[in-house]
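Starting from the given sequences, assemble the full structure and let the hints guide the process.
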Amino acid sequence: AQSVTQPDIHITVSEGASLELRCNYSYGATPYLFWYVQSPGQGLQLLLKYFSGDTLVQGIKGFEAEFKRSQSSFNLRKPSVHWSDAAEYFCAVGARDDKIIFGKGTRLHILP
Amino acid sequence: EAQVTQNPRYLITVTGKKLTVTCSQNMNHEYMSWYRQDPGLGLRQIYYSMNVEVTDKGDVPEGYKVSRKEKRNFPLILESPSPNQTSLYFCASSYLRGHEQFFGPGTRLTVL
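The listed protein sequences correspond, in order, to chains A and B. At position 97 of the first sequence the residue is numbered 97 (this note's numbering), and the sequence of numbers has no breaks. At position 103 of the second sequence the residue is numbered 103 (this note's numbering), and the sequence of numbers has no breaks.
Treat the hints as calculated values from the structure; they're not laboratory data.
In silico EDC-like links for lysine to aspartate or glutamate, alpha-carbon gap of 20 Å or less:
| # | chain 1 | residue 1 | chain 2 | residue 2 |
| --- | --- | --- | --- | --- |
| 1 | A | 61 | A | 85 |
| 2 | B | 57 | A | 97 |
| 3 | A | 104 | B | 100 |
| 4 | B | 57 | A | 98 |
| 5 | B | 71 | B | 100 |
| 6 | A | 99 | B | 62 |
| 7 | A | 99 | B | 30 |
| 8 | B | 71 | A | 97 |
| 9 | A | 104 | B | 59 |
| 10 | A | 99 | B | 100 |
| 11 | A | 61 | B | 100 |
| 12 | A | 99 | B | 56 |
| 13 | A | 104 | B | 38 |
| 14 | A | 49 | B | 100 |
| 15 | A | 99 | B | 53 |
| 16 | B | 57 | B | 38 |
Chain B stretches covered by chain A per the calculated footprint, using a threshold of three residues with CB under 8 Å from any CB of chain A:
| # | stretch |
| --- | --- |
| 17 | 41–55 |
| 18 | 93–100 |
Derived CB-CB ranges, DEER-like:
| # | chain 1 | residue 1 | chain 2 | residue 2 | range |
| --- | --- | --- | --- | --- | --- |
| 19 | B | 77 | A | 79 | 43 to 53 Å |
| 20 | B | 77 | A | 104 | 20 to 30 Å |
| 21 | A | 22 | B | 16 | 41 to 51 Å |
| 22 | B | 82 | A | 18 | 42 to 52 Å |
| 23 | B | 62 | A | 79 | 39 to 49 Å |
| 24 | A | 79 | B | 22 | 38 to 48 Å |
| 25 | A | 60 | B | 26 | 14 to 24 Å |
Every value quoted in this text rests on a predicted model; they were computed, and no experiment measured them. The beta-carbon is built from N, C-alpha and C at its ideal position, and this holds for glycine as well.
Below, the structure is given as structure tokens:
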């Protein structure tokens with residue numbers, strides 16, 4: 001069955017520290033992969049996406065993600081977090097003409 | 001500006017009183033979708049539409065109706081709301097199913 005797993009419900013990092021949010025998926029074909037961010041009281045905003053090609057994808061707000069087919073992973077990274085990065089992050093997987101499946105989210109807390 | 005709009009943003013109602021949440025997009029997207037977001041459950045798809053007059057059930061369609069008479073609009077109808085429909089609702093649109101989705105700001109519904 002198709003699924004997306006975000007193993008960490010909450011993550012806390014200090015401002016200025018590096019960040020990695022994990023995402024693993026189970027999907028029959030080569031999927032489209034997405035990371036979204038949801039700030040408090042806001043809708044979801046697309047951070048980055050992977051369809052094909054270079055497995056290291058750059059997104060907005062200084063985020064990047066790497067697709068690793070062998071590990072069925074699409075982890076999100078940022079070298080130095082800012083207090084404004086505190087939000088909930090959702091990994092999602094889809095395919096052409098198929099629905100997008102969302103993970104349950106990881107809430108990121110930033111320590112000053 | 002490309003956007004998805006939803007109205008109302010907040011709604012408190014009583015059990016059994018019919019309500020409609022409107023959704024409109026200005027990107028000429030074919031695919032539109034409704035989700036509900038609940039703590040610990042992530043985003044669950046309620047209904048989706050591949051194009052005008054083409055709608056289908058998502059994962060949690062019970063108690064909801066939709067219509068797609070125009071490409072830009074995709075209202076969500078609760079004909080007899082119940083307290084278990086208290087939730088945060090998001091409308092989303094995309095060029096095609098499976099591609100990145102653009103989300104509205106959300107509608108927080110409370111059913112008493």
